[in-house]
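**Q** Sequence:
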Amino acid sequence: MPLAFSDPLRYQAAMSDNSIEDLAEKLAAAVPEGLRSMRKDLEENFRSVLRAGLGKLDLVTRDEFEVQEAVLARTREKLEALEERLKEYEQNQ
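Positions 25 to 117 (the working numbering) are the ones given, in order, by the sequence shown.
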């Protein structure tokens, strides 16, 4: 039975600096009115926390993922070829 990647399991690009900036800005904008004077400090703290949290995750780069995806595809091809050879061998016995 061949294996296949389904769309939900596909690799998704890592968060870019722009994504982190946008998220930090949105979080700071969601701060209640009474804390608006602290918005810039909060935005910097959000940015730091997001970067630190993402840095702790065990993630791979897109390049590393694509290399492993190619290795898996080649391995799958070799396995299918070996299965076919085994099937032919068993039929000839």
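Treat the hints loosely; a few may be bogus.
[Unchecked claim] Here are the simulated DSSO-like cross-link-like pairs (lysine-lysine), alpha carbons at most 30 Å apart as the crow flies:
(1) K64 x K50
(2) K102 x K80
(3) K50 x K80
Rather than coming from a laboratory, the hints here were simulated on the basis of the structure.
**Q** Confirm or reject each hint.
**A** Each hint tested on the structure:
Of the pairs offered as hints, the one joining K64 and K50 holds, with about 12 Å between alpha carbons and a cut-off of 30 Å not exceeded. At roughly 36 Å between alpha-carbon atoms, K102 and K80 are farther apart than 30 Å, so this suggested pair is violated. Using a Cα cut-off of 30 Å, the hinted pair K50 and K80 holds, with the two alpha carbons roughly 22 Å apart.
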